[in-house]
Each structure stands twice: as C-alpha cells, then as structure tokens.
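**Q** If you want the building blocks of each chain, they are given just below.
There are 2 protein chains.
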Amino acid sequence: MAKVSIEKRILSENDRIAIENRKTFADAGVLVLNIISSPGSGKTTLLEATLDRIARELAVLVIEGDVSTERDMDRVRARGAGGIQINTGGGCHLSAKMIREVLGELDLESADIVFIENVGNLICPSTYDLGEDVRLVLLSATEGDDKPMKYPSIFHEASLAILNKTDLLPHLIYDTEKVMKEIAVLNPNCEILRLSALQGEGMDTWIDWLREKLAAKRGEQTSGARRGT
Amino acid sequence: MAKVSIEKRILSENDRIAIENRKTFADAGVLVLNIISSPGSGKTTLLEATLDRIARELAVLVIEGDVSTERDMDRVRARGAGGIQINTGGGCHLSAKMIREVLGELDLESADIVFIENVGNLICPSTYDLGEDVRLVLLSATEGDDKPMKYPSIFHEASLAILNKTDLLPHLIYDTEKVMKEIAVLNPNCEILRLSALQGEGMDTWIDWLREKLAAKRGEQTSGARRGT
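As given, the protein sequences belong to chains A and B, one line each in that order. For the first sequence, the positions run 1 to 229 when this note's numbering is used. For the second sequence, the positions run 230 to 458 when this note's numbering is used.
Certain hints may be false.
[Claimed, not checked] Not the full set, but computed from the structure, chain A residues with beta-carbon under 8 Å of chain B:
#1 SER38
#2 ASP66
#3 VAL67
#4 CYS92
#5 GLY120
#6 ASN121
#7 ILE123
#8 CYS124
#9 HIS171
#10 TYR174
#11 ASP175
Note that these hints are calculated values from the structure, not bench results. Remember, it's a predicted structure, so these values are computed and weren't measured experimentally. By construction, the Cβ of each residue, glycine as well, lies at the ideal position given by its N, Cα and C atoms.
Could you put together the complete structure from these sequences and hints?
**A** What follows is the structure, encoded as structure tokens:
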C-alpha cells in the first residue's frame, strides 16, 4: 500500500481569529498596520506625526494597546484619529481575539487606515497575528545597534522596520549600517526606513510609503472584485 | 463553634524555587540584584561601568538572560566578571527555575555580588521572583517620561529605580520630576538614582549605594549567625 503523506496545518485559535479579522478589514477596504516596539521607541509619537500629515485627507482609526492608562489614546485623539483603547491589565501583547472584540465599536467602513499600536514589548507580540496587512517593527536609535540579533523573532515576522529618533544620532555611538545588515540577514524581505518622528526628517518618505501601500491594497481589492464578477 | 480563619498562602512553583535560591545565595553570603528594563535602556552598559569601578576589589558574577546571542556575556566578561549566559530561546523573562539550573556552575562561595541581567522586557519579568535581594528597574531618559504609570507592575515590585542616560537630557523633552513623582505614587519605598553609565555622572552615588547594600547584607548575615549560636 502506498504511503500517503498528508500535510495538515493545525491553526492556533489566535491564527483562526486573525484570518477572520483580516477578512473583516479587507471587506471594509482598510489598510491595517500592527506597530511593535520596546517601550519608549516612539510608537505614539510616530502616530502623532503621521496624523499631522494625513488626518485631513484620510480617515484614520487607532487601536491602542497598553498595560495601563489611556495616555496614548488621548494623544492620538488630539491629532484627529478615532479609535479605541485596549488595556490589557498586565497582559504583555495584543491578541487577535482582543482586536475582534473591539471591531464592532469601530466605523471601519468609513476608515482608510487602521493603526494598531501594540503593547510596548519587543518579544511577546512578535508572533501574534492580529489580521494586519503590515507588521511594523519600530526601533529607536537610542536603544543601541545590537537589537536585531538579540530579538530576532520580530525581525523574522516584520515586513517593515523603521529606525526612529535619527535626530539623536549625533549624540550616540550607533552603527546604522550594522543594524541594516543584521535585519537583512534575519529577513531579506523586510523593508527599512529611517526617520525622526519628532523632528520630521524622513517623515515624507514614510508617508509616501504609506500612501503607496494604501493604493496597492485598494488595487488588490478592485482587481479581486473584478475577478469576482 | 467559633469560626477559625486560616490564612493559607499558596506559593507558586516559581515562588517556592525563589525561596530556595534566596537561601543558596544567603548561605554563600552574596548580594544579588535582578536588573529589569526595556531593551536598550542600558543594563549591560551599567554593568560594564560598574565592573570598571569595583571588579578589582570585589568578585562579581553575572547571570545574563537573553532571548538570543551571547553578546552581553562577552561584554561583561571583558570587564572582569565571571558568570553564565542563559538563552531563553524566545522566552520573555527569566524564572527562578532557570536560575537554579545554572547555580551549580557558579562559584558563589568566592563571589561578593551577583548581577542577574533579565531579558529586555518591562512587563513579563516584573513579577517573577528569582531569589534576589534587590529588584532593580532601569529606565532610560530616551524612553519618555510617561513610563511608570504605563508599566506599573515593575515599579510596584522594585526596591530601586535607576534613571539612566541622563547625559542625553539636554537633547530630550523629559520631565524628570514627573517620573520621580509617578514612581513615588506607585511605590513610596522605591529608592531612585539618576546616572549616565556611559558618561559617568551619578556613578559614584550608585557604587556607594551598592557598597552600603553589600555591607548591610553582610551585617545581617553576621547578626543572623550570632543569633544562631
């Protein structure tokens, strides 16, 4: 009797819910980014600077993940974003289920982009798919240039890495090229941008990247809709 | 029949092993510090700067916790510390069990101080007792002044908070007094020091603090031994 090899992929509960979330986001035609970094790398400051540049023409929702406080949600609301705060009460990462639970409270149909700001943690959130289009890892130049190899998982999983706080580079011992090379070794498909969310350098390139991604997503959707007819 | 209230504290496996570790450390007469921070706050740089100041007169062991690489262990070995690297292979914190497993490989009897550098993570390591004398939370001024209330657990648990990278304060928007106040609200017993491990300011006060703690620990032990006779 021939031996038949059957490959069966067992999906975790998180993966199954992430697939549902991804379909919900796709049906609404929104681009979704899951932003992951250490505490204090500048996730919220990046969102503030991004909102200052796009909130007048694009509808942006933010899902804020934090252990405690609504501080980050207050900051992005003040810059014109809608959205919701998730307090994990000690939990060290967001999960697809936490995202699914708040989707009913968001007006996805009217939105263009959803940013999910994950809990400040470079380890635990890295392998939890939330249903996003882009898993974005944010690094701060002040954290030292040895981080990719020390925290490899998030660099394996990310499709975009942003090096923030480049305005402080003149005051730091930091080898940018080393960081770029380490990321490329871990994940040759990971795109890399450099910017200072606070001072503005590099922000135009990031906004262009975001617009292109949004246009590509809409192109995919239109072409998918055409194929569907 | 009188109602008798019996308070029974159920210890977790981690707590039970931490008690054993604490006894092992006490029997060897070593002072043990568990250093917790975000990735890139300067834990290893603080150890390097500390070793430069004490390694000639005190025997220092370091237990290095990292998801991946031996980079930090290489750095502290170069400054005169003995010790061992624990790679968690994805695990987001050290546990009392991981510490117990390496104790046999360390010459505790000849050591004065053991530094345990936890995995870079401000959340998960906060509630895992390893058997240390001092739980030390390290903050970097570059991470922003909103961290204590956003990550309250580690500030509840720490007996010492160190604000590092004070040399960068002139280039940052950072309200040091706000941070001090938030820590005091979360934990009035938490001592606070400020320093720049890289540039040296505040290092003398930290080294004095460490020496006093070591002397106090030895005083306790002597007095305990006296009581025992």
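**Q** Of the numbered hints stated earlier in the document, which are not met by this structure?
**A** 10 and 11
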